[in-house]
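> Model the full structure from these sequences, guided by the hints.
The sequence shown finishes on residue 675 if you use this note's numbering, and the numbering steps up by one all the way, no holes.
One should not assume that every hint holds.
Straight-line distance between alpha carbons at most 25 Å, and here's what the computed DSS-like set of lysine-lysine pairs gives [unchecked claim]:
no. : residue 1 : residue 2
1   : Lys-131   : Lys-230
2   : Lys-155   : Lys-654
3   : Lys-88    : Lys-137
4   : Lys-230   : Lys-210
5   : Lys-144   : Lys-98
6   : Lys-621   : Lys-532
7   : Lys-230   : Lys-172
8   : Lys-532   : Lys-665
9   : Lys-532   : Lys-210
10  : Lys-101   : Lys-155
11  : Lys-238   : Lys-172
12  : Lys-172   : Lys-98
13  : Lys-172   : Lys-155
14  : Lys-137   : Lys-230
15  : Lys-10    : Lys-101
16  : Lys-182   : Lys-131
17  : Lys-172   : Lys-200
18  : Lys-137   : Lys-101
19  : Lys-200   : Lys-131
20  : Lys-230   : Lys-446
21  : Lys-182   : Lys-88
22  : Lys-665   : Lys-88
Hints in this document: simulated from the structure, not taken from any laboratory.
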Amino acid sequence: MSFQTYSFIKFLFCLLLGRLLGDQIGWSSHFYIPLIIGFLSLVLFYVHPNILSYRSRHWIGIIVSFLFVFIGIVTSPDRQKEVLSCDKPLIFSAVAKKVLKNSGGQQSVLFNCITVDSLRSQSFNAIAYFKCDIIGKRVLPGDKLIVNTRINPFKETGNPFSFEYSKYMASKGVFYSFYINKPNFIIVDSEYNYRRYFYKLREAAESRLKLLRLSPDEYAIISALLLGNKDHLDYDQKQAFSDSGAMHILAVSGLHLGVIFMLVTSVLGKITRSRLGVLKVIITVSILWLYASVSGLSPSIVRASIMLTIFLISKLVSNKYNVYHTLAIAAFIILVGNPYALFNVGFWLSFLAVGSIIYFFPLINALLYFRKPWNKLVWDIVSVSLAAQIGTILLGVFTFKFFPLWFLVSNILMLPILPVILLSALLIVLTPEGGFVADLFSGILKDGLWYINEITNYVSDLPNARFTLVQIGFYEMLVLYCILLSLVLWSNTKRLIYLNSCLLLLVLFMAFNIADYWQKGKRNLLVIANVKGSSLIFESDGKNGYVISNDTLEDRIINQVVNPIQLHEGLDSLIYVVSETEVLMPFETSDKRILRLNGECNNIASCLDRFKTDIVIITSKTPLSTIQHLTQLKNIQLIFDSSWSARGLRNIRKIKRNSTSYFAKDGAYVLVDQL
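Next comes the structure, spelled out in structure tokens:
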């Protein structure tokens with residue numbers, strides 16, 4: 001593939017560069033000046049094409065490239081800005097955009113809001129949480145409310161190396177949340193938009209699937225597999241699919257759309273260059289986009305829909321189809337339509353997986369040849385799986401902090417039966433209840449879902465299914481991707497510069513790792529974690545970690561808070577200590593002594609003096625009388641851990657405190673002691 005041949009690939013790189021620059025430096029009205037100049041230059045070149053000679057034609061390419069860079073800067077979303085004052089209730093109109101969760105009589109809905117009680121109206125996106133019986137009905141896309149309540153900005157937990165929900169929502173352009181209760185809202189009206197129509201179609205399909213009387217686990221799987229609705233998957237199910245390397249089958253993507261495409265084309269027949277062929281393409285494309293809209297329009301399904309649409313159009317126009325160019329066009333359209341897609345890890349995983357499959361699958365598949373169909377099928381699955389992992393393994397390990405070691409086993413056992421499950425579910429949803437087709441395929445669907453569930457649980461329980469020994473940081477990931485790209489370019493061009501670049505980057509990667517390993521082994525770490533309603537202290541000495549809490553920690557907290565610290569620090573072991581001791585000395589650094597209070601201490605002054613304490617960690621079991629005494633002391637920092645309730649903290653804030661008091665609710669307290 002010649003890079004110069006496909007313009008959209010160049011435009012895509014320029015747009016990506018502009019978006020990244022805009023995210024880092026922001027933009028102002030001054031950026032419109034080069035945009036206007038570039039646009040006028042293109043108009044001039046079009047009106048007077050002889051202005052530039054053939055030798056100077058590259059100037060047009062340079063101007064167009066800079067034009068797309070500046071378009072990327074100007075259209076880059078603002079992920080940092082918070083424009084609302086959250087210290088008092090606001091009156092605003094709210095139009096439902098998307099139902100995020102609807103289960104157990106509770107909903108969480110994304111609203112587009114506009115303030116109505118200020119001199120200058122402000123628009124913002126926010127997530128509302130409420131019970132359906134408070135509203136009196138289920139909220140659907142298009143419903144409009146007038147709400148009078150306090151807006152809460154999403155706050156970072158501050159837990160080191162952990163997933164931050166606030167950053168995740170900021171990457172989607174959502175900075176706020178609010179709660180709806182009876183006195184603070186009125187329903188105005190409802191507008192019937194396309195989101196409402198597609199949401200009702202999805203509900204109708206889910207209602208049809210519920211009639212099959214599947215088990216909760218099986219229904220959760222088919223709801224996610226067919227409709228992209230993961231609301232019914234519990235924590236253990238998500239963990240099992242993730243550990244087994246089968247999470248990708250629950251992400252509605254090209255595989256799912258391929259089954260739809262196969263079903264439609266089998267009914268309509270072959271597409272030819274005729275009026276009938278045009279009609280077949282219109283029908284097929286309409287059905288594909290209908291399914292994509294019903295399943296939620298995730299980046300993976302949008303990418304697959306765009307690529308299939310271009311493929312079908314090319315069959316009518318010229319029968320020429322370049323998959324690399326089509327992939328670039330799909331990415332370009334998604335980024336123009338949704339600026340926040342650039343910061344969506346699903347967007348990158350989808351395009352990296354497909355791009356890697358396109359390039360590496362033929363190379364891997366050609367290594368072995370099988371005559372028997374079943375052997376060939378297994379080798380094709382292995383080849384596709386390995387090709388996809390080459391492109392996604394680095395981003396996956398960086399983002400999720402583990403690698404599913406047995407992903408090949410999952411793919412070999414699940415992928416052959418997946419089209420059968422999808423086709424059965426589609427036929428059941430599309431045919432009348434109680435009909436011959438529905439009855440015939442319901443048994444196949446139930447058996448298939450049982451099989452998927454059992455295989456997932458089996459593979460996730462295999463030794464080292466969640467492989468965590470290898471960890472990489474952001475810059476290490478970038479260097480490794482550059483090495484991979486250099487190897488690909490060298491293998492295609494045989495130019496020595498790419499091989500030299502690869503070796504230089506490899507040395508740089510090794511230097512990063514050596515420096516990081518040396519630094520981690522030479523430091524102590526203390527973290528007062530921000531975990532709602534819990535007292536959690538993490539300490540390490542560079543080799544071992546100690547986790548101190550009042551109660552036994554849930555697996556969810558261990559996976560989300562404790563394990564990321566252990567993996568980042570490369571600790572050999574973790575020791576869990578459940579302690580309700582009133583006075584505990586958990587940690588001592590080279591220049592700090594830390595004491596934890598977990599109850600009443602009658603002789604607090606002598607205790608602090610005996611230990612020569614610098615920092616006191618205070619749990620919610622400590623009485624106010626002890627805290628009042630502590631606030632009188634100087635040269636001691638008080639840290640109130642996250643076991644305190646909001647009401648308890650309000651009482652604490654009424655007490656006159658020393659200036660060094662810290663509340664873990666505002667963000668985890670982290671102390672790094674470099675030895």
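> If you draw a straight line from the CA of Lys-172 to the CA of Lys-98, is it 25 Å or shorter?
Distance ~13 Å between Lys-172 and Lys-98 Cα, so the pair holds.
> Taking only the CA atoms, is the gap from Lys-182 to Lys-131 under or equal to 25 Å?
At roughly 10 Å apart (the allowed maximum being 25 Å), Lys-131 and Lys-182 satisfy the hint.
> Would you mind confirming whether the straight-line C-alpha gap from Lys-155 to Lys-654 stays at or under 25 Å?
holds, 23 Å
> What's the verdict on Lys-230 and Lys-172, does the C-alpha distance respect the 25 Å limit or exceed it?
holds, 18 Å
> Taking only the CA atoms, is the gap from Lys-137 to Lys-230 under or equal to 25 Å?
holds, 22 Å
> Need the status of pair Lys-131, Lys-230: alpha-carbon distance at most 25 Å?
holds, 19 Å
> Checking one constraint from the list: CA of Lys-137 to CA of Lys-101, max 25 Å. Satisfied?
holds, 15 Å
> Take a quick look at whether Lys-532 and Lys-210 sit within 25 Å of each other, Cα to Cα.
violated, 35 Å
> Check whether the Cα positions of Lys-230 and Lys-446 lie no farther apart than 25 Å.
Status holds; Cα separation ~19 Å.
> Sort out whether Lys-532 lies within 25 Å of Lys-621, counting only the CA atoms.
holds, 15 Å
> Quickly compare the C-alpha distance for Lys-532 and Lys-665 to 25 Å and report which way the hint goes.
holds, 8 Å
> For a C-alpha distance cap of 25 Å, please report whether Lys-172 and Lys-200 respect it.
holds, 24 Å
In summary, the structure is inconsistent with hints 3, 9, 15 from the numbered list given earlier, while agreeing with the others.
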